[in-house]
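A.B. asks: So the sequence lines, in the order shown, correspond to chains A and B. When you read off a place in the first sequence, starting at 1, and then add 35, the result is the number in our numbering. When you read off a place in the second sequence, starting at 1, and then add 3, the result is the number in our numbering.
Because the hints were derived from the structure by calculation, they are not lab data. Here the structure is a predicted model, which means the values were calculated and not measured. Quick reminder that beta carbons are idealized off the backbone N, C-alpha and C, glycines included.
Which bits of chain A does chain B cover? Going by a derived footprint, with three or more residues having C-beta under 8 Å, they are:
1. 79-85
2. 90-101
3. 118-129
4. 134-148
5. 155-163
6. 166-178
7. 210-216
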Amino acid sequence: MSVRLQTFMSKKFIFLFLIIYLSFSSIVVNSQERVRLGTPITESQLAEFDLIAEPDGTGLPDGSGTAKQGKSVYDINCAVCHGPDGEGTSGNTVIVGGDMQSEGPPLRTVGSYWPYASTVFDFIRRAMPATAPKSLTNEQVYQVTAYVLFMNGIISEDAELNARTLLSIEMPNAKGFIDRSNIHSN
Amino acid sequence: MYEKVARNGLISRRHLLGMGATGVGAIASSEVLGADAGITFEIPSWSRTPGPGASAYGTRSRHAEYLRRTHAAANPTYPGGGSSRSPLQHLQGTITPNSLHFERHHAGIPDINPTGHKLVINGLVRQPLVFTYEDLLKYQMISRVYFLECAGNSGALLRGGNTNGTAQSLHGLVSCAEWTGVPLSTILDEAGILSDAKWVAAVGADAASMGRSVPIDKALDDVMIALYQNGEPIMPGQGYPMRLFCPGWEGNISVKWLTQIKLTRGPAQFRDETSKYTDTLPNRSSFQFSFPMGSKSLITSPSGQMSLERTGIYQITGIAWSGSGSIRRVEVSADGGQTWADAAIQGLQLGKALTRFSVPWEWNGSSAILQSRATDSRGNVQPTREATLVERGNISFYHNHCIQSWGVSNVGEVTNVYV
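With the hints as extra help, turn the sequences into a complete structure.
C.D. replies: Structure representation (structure tokens):
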């Protein structure tokens, strides 16, 4: 064979080899490709669905309210279980009072124990009133959250609670927790 | 006759084979060889009449109705809230039947039609996604045996109350099953995790919309979206049609009826990771995010409210588990923790799963205090109650994994005691 022919053949061989290799490897890749069945959505579609209100303000909705407005929301929707002044009707319904430095075992409530005000909004919006959760409007949740904070002496009766002012509330026991989330095994 | 390896009647586990499962062992039976013990041998009535035929979904014998969970009466101020406990003293092996798995609900069990259920992945992801139940069934699944324990299990014992309980009433918030589902990492990869996502917030579709935050490292490690429990679709009380399952960690974080996973920068600080499931120490600061359940064991027989009918050989048996690995060793004491004998491991020693142990014991009719002590594969030894109280006090009752004591009186009554 001439040198020319040889080069031609080897080029052809490399070309063929490449084609075989590429098609083969793409089969291999395809067989390893995972199923991807999630349907793409947008955050704006989740406006009603996503109820998470984080301490940095993410997820707190528009709207506002004062404790003064919240009193009637509370009296109608909450007092039956939590008592007229948040003193509770059973062990797990006390939401006002307590002192972490008390002599005996401390009474731990929203006021004495909870580290973040966002949690009060988040929990009431998702889980309360226990007989009809998620029945209040965002406006009513701001109002009644303000009222619960007011009953605990954390904000004044006229303070307007909204996505911005809620973030600036320093809860009494905010510094009372030791974060152990880095311990995944003992 | 038998090699005693610890005081007050504990016998070497090497003698386990050939002994009766309960009560009298080999010596007693050889004594009655050839004797007429007064037993009659008529053909029983059930051998003379055909019984009912096959059924669609099985249930326990009507003669074994003691196999039931216990739960408090409904509370109108806490609709659907509360728990039920597994009958640990009646179970053997390590797998809890689905119908007897403990439950803890914050607003009852939702009646979810899977065709209407959605699983949303959003927050700090490249592409928010929604999955149907049918979608998830098409993914490659994994199966693992894991225990699940409520953070509040055995809590009353730290406080020192409820002395007169059973293994079920005092410790029944632990169960174990084979869970099958899709690794959470598969779904998170599909959505594309953004670099500032450090936590995932998981939310359930129950009326409480119960939420918990999980660090991203754990979420990408062994967390799964569980769809099956012991081979069948998970039961409504366990999260049908799907639940999060975080192996080894406090039960509450394995969010049932999972409907949303949101990737976040920090923990969402849900009510059930701030107000509840946190532990206040004697100095009034509080541990938050105490995830792995401690190295723990419990004698299930003999146990609270049982009574030993006669002196002789008994099989002490129980369960051991750790949220940090597998169980390496279980020791048993019959003298309140002064001397210890190694128990035999009865089956598999899987990681983050219940392990069954047993050891033979000869009860001589005098009082005894039975204890068990687990050591896990990372060397964590189950602590005494005394050490636990010194370390963390009893303001808070979650995450109690201390050594538990069953007192046996000189007439054979078994009760929970504190030493």
